[in-house]
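Q: In order, the protein sequence lines correspond to chains U and W. Residues in the first sequence are numbered from 1 upward in steps of one, following full-length UniProt numbering. Residues in the second sequence are numbered from 1 upward in steps of one, following full-length UniProt numbering.
No lab work stands behind these hints, which were simulated from the structure alone. One thing to keep in mind: the hints can contain errors.
Said to hold, decoys possible - DSS-like mimics (lysine-lysine), calculated; alpha carbons at most 27 Å apart, straight line:
#: 1; chain 1: W; residue 1: K119; chain 2: U; residue 2: K326
#: 2; chain 1: U; residue 1: K313; chain 2: W; residue 2: K84
#: 3; chain 1: W; residue 1: K224; chain 2: W; residue 2: K84
#: 4; chain 1: U; residue 1: K326; chain 2: W; residue 2: K115
#: 5; chain 1: W; residue 1: K187; chain 2: W; residue 2: K229
#: 6; chain 1: U; residue 1: K2; chain 2: W; residue 2: K61
#: 7; chain 1: W; residue 1: K115; chain 2: U; residue 2: K313
#: 8; chain 1: U; residue 1: K195; chain 2: U; residue 2: K83
#: 9; chain 1: W; residue 1: K12; chain 2: U; residue 2: K2
#: 10; chain 1: U; residue 1: K2; chain 2: W; residue 2: K120
#: 11; chain 1: W; residue 1: K115; chain 2: W; residue 2: K61
#: 12; chain 1: W; residue 1: K187; chain 2: W; residue 2: K224
#: 13; chain 1: W; residue 1: K27; chain 2: W; residue 2: K84
#: 14; chain 1: U; residue 1: K2; chain 2: W; residue 2: K119
#: 15; chain 1: W; residue 1: K225; chain 2: W; residue 2: K5
#: 16; chain 1: W; residue 1: K27; chain 2: W; residue 2: K187
#: 17; chain 1: W; residue 1: K210; chain 2: W; residue 2: K230
#: 18; chain 1: U; residue 1: K180; chain 2: U; residue 2: K195
#: 19; chain 1: W; residue 1: K225; chain 2: W; residue 2: K124
#: 20; chain 1: W; residue 1: K210; chain 2: W; residue 2: K22
#: 21; chain 1: U; residue 1: K326; chain 2: W; residue 2: K84
#: 22; chain 1: U; residue 1: K193; chain 2: U; residue 2: K101
#: 23; chain 1: W; residue 1: K61; chain 2: W; residue 2: K22
#: 24; chain 1: U; residue 1: K2; chain 2: W; residue 2: K225
#: 25; chain 1: U; residue 1: K313; chain 2: W; residue 2: K119
#: 26; chain 1: U; residue 1: K155; chain 2: U; residue 2: K86
#: 27; chain 1: W; residue 1: K84; chain 2: W; residue 2: K187
Unchecked claim - The calculated label-pair distances, taken between Cβ atoms and stated as ranges, are:
#: 28; chain 1: W; residue 1: H138; chain 2: U; residue 2: L281; range: 51 to 61 Å
#: 29; chain 1: U; residue 1: Y11; chain 2: W; residue 2: K27; range: 43 to 53 Å
#: 30; chain 1: U; residue 1: S16; chain 2: W; residue 2: E114; range: 23 to 33 Å
#: 31; chain 1: W; residue 1: D75; chain 2: U; residue 2: Y11; range: 38 to 48 Å
#: 32; chain 1: U; residue 1: L281; chain 2: W; residue 2: D79; range: 56 to 66 Å
#: 33; chain 1: U; residue 1: I3; chain 2: W; residue 2: T71; range: 25 to 35 Å
#: 34; chain 1: W; residue 1: D75; chain 2: U; residue 2: T280; range: 50 to 60 Å
#: 35; chain 1: W; residue 1: K120; chain 2: U; residue 2: S12; range: 17 to 27 Å
#: 36; chain 1: U; residue 1: L26; chain 2: W; residue 2: T71; range: 45 to 55 Å
#: 37; chain 1: U; residue 1: A382; chain 2: W; residue 2: T71; range: 52 to 62 Å
#: 38; chain 1: W; residue 1: Q219; chain 2: U; residue 2: T309; range: 30 to 40 Å
#: 39; chain 1: W; residue 1: E114; chain 2: U; residue 2: Y11; range: 12 to 22 Å
A virtual CB, placed ideally from N, CA and C, is assigned to each residue, including glycine.
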Amino acid sequence: MKIGDIFEETYSALSSNKIRSSLTILGIVIGIASVIILISIGQGASGSIQSNIESIGSNLIIVSPGVQRGAGTMVSSGRGSAKSLKLTDAEAIASEISGIKAVAAEVSGRYQITAKGQNTNTTVDGTVPDYATVRNLEIESGSFLSQQNIENASKVAVIGPSVRDDLFGEDVDPVGQTIKINKIQFKIIGLTKEKGGAGFGSQDDMIFIPISTAQRFLSGNEYVTSINVAAVDAESTSIVQQEITDLLLEKHNIADSTLADFSTMNQADLLSSATSITDTLTMLLGAVAGISLVVGGIGIMNMMLTSVTERTKEIGLRKAIGAKRKDINLQFFTEAVSLTFLGGAIGILMGWSVAFILTYFNILTASVSLSSVLLAFGVSTAIGIIFGYYPARRASQLNPIDALRYE
Amino acid sequence: MIESKNISKIYKTGETDFFALKNISFKIEDGEFVAIMGPSGSGKSTLMHILGALDTPSEGKYFLDGQDVSTLSDDELADIRKSKIGFVFQVFNLLPRATVLRNVMLPLVYAGVEKETRKKVAEKAMFAVGLEEDHFYHLSNQLSGGQTQRVAIARALVNEPSLILADEPTGNLDTKTGEIVIQTFQKLNLEQGKTIILITHEQEVAQYAKRIIHIRDGQIIDDKKTEMKK
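My request is simple: use the sequences and hints to build the entire structure.
A: Right, here's the structure in full:
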């Protein structure tokens, strides 16, 4: 039997039962479309988290106070809660380690902010002028903190656009206005440019004040909550990170690095941990969609088995006029694979357009990758092969005499 | 030429063996028109299955054109059916929702005949059984019983088989159309020299053949030449 003949037989068999064929295909269409949509949503989320992290600043190393654990005690006060880093640590890093572009220590905390009867609760970051370099901050209007502000412990603030929106409304230039942080009056000297990104760690929802002011009036002590270090380039990041660790261990008189009272993290670590979270999410979404594909595949098998039973006489006749087992096998197998192939193609188109619509109307960021399309196509064809195999085999093994007698 | 030598077909039912056929021996020369007659349960269907290479005998040998068919595998039997045998069934067994032409061409598909020649060969077979050209593109389930059976005969003819096997071809037809169908066989035998074996339980149908073999309880009880009714 020639390939062209097999496709002709398949077409005539499937088209003679249009409703049943299309309902069966629908199962696969829904399965494939949901695989494409859910995976693209997962990958879209992963992409936007990555760009968020990258927007914070490349080549960035963050030193935070670590778990403080004395010898012999098992009591941990939790990572980051310890008061172990001081401004002198930041100064030591800046002066003793080469390959560093800028160092910025910060003291941050959440405070209630009021202005002209409006109020909000946000992160107030006491920091230094270099912070803008380290974190890629740009100024929309006014200026960032100056060295002068630090030395004088001035009560001045630079606010993010989200804070501006909350306190003064959109498109208002807040420079020159005053706000109260923890009931202490600050004068606004600058507004940062919008960086985008939402949720945890958004730099749009922050207020920057001189670090000396924050230590004196807000935190009331000499410790810092983190030290941001920008390496000169991405390649030297890990070397610089190692040097910082060695320096601080020596400075804090800690011989065993596992007992360090601080921790360092670089951009790559952050990215890889975020990536592993979104990858797991993507896999989970894909697995949920995969279940619907399997259900669709069972639908195909069900239809093929019904079809074999209905067409028993036809199979008997084909065998009587000389069809071999492999001819019958191939005929039914091609029917099943064509169904899933067609369903897969329609499903990919559907999934793709839904992902496009979601992105176009800014509902969700969904990015369809070639690999997820290939995966979906491969899976749908594989389902046709797996669920078409048994019915086709059953058809091919029918005894021609029994099949011809079948009523 | 067909030769059956001591063919038996035995079905095991529990402890006892049931002989559907017992020591059947006969020869059918090319160009014969033979009717095999017998009441239901006589074993004539079993015999037809063996002659049609749908089944193999439990004992004995069956030669078709000198080739021993009794020991072949399923796929080898399919090859024999494809090249040497044309079937006509009581219930027609045409593909529904397919045109007359496609039904007649179906054996050529399995025989691997080129697409371009299929139509020509099929048309020749359809003219031979007296089908009109305007029937070719009708769907097979839109035809009358007599026409349907002639389509089935054309399908049996299309591979130029050595043997046409007709199993109760008039069983589902009224007397008049049955007569037309049986005369079609007669014409094929007389004019084109086709070897035809007709399985029937009706005396009137058997009369059209040149030779009648009677079977009862799996054995030949009578085998004689007769005057062909025209």
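Q: What hint numbers does the structure not satisfy?
A: 6, 8, 9, 11, 19, 24, 31, 37
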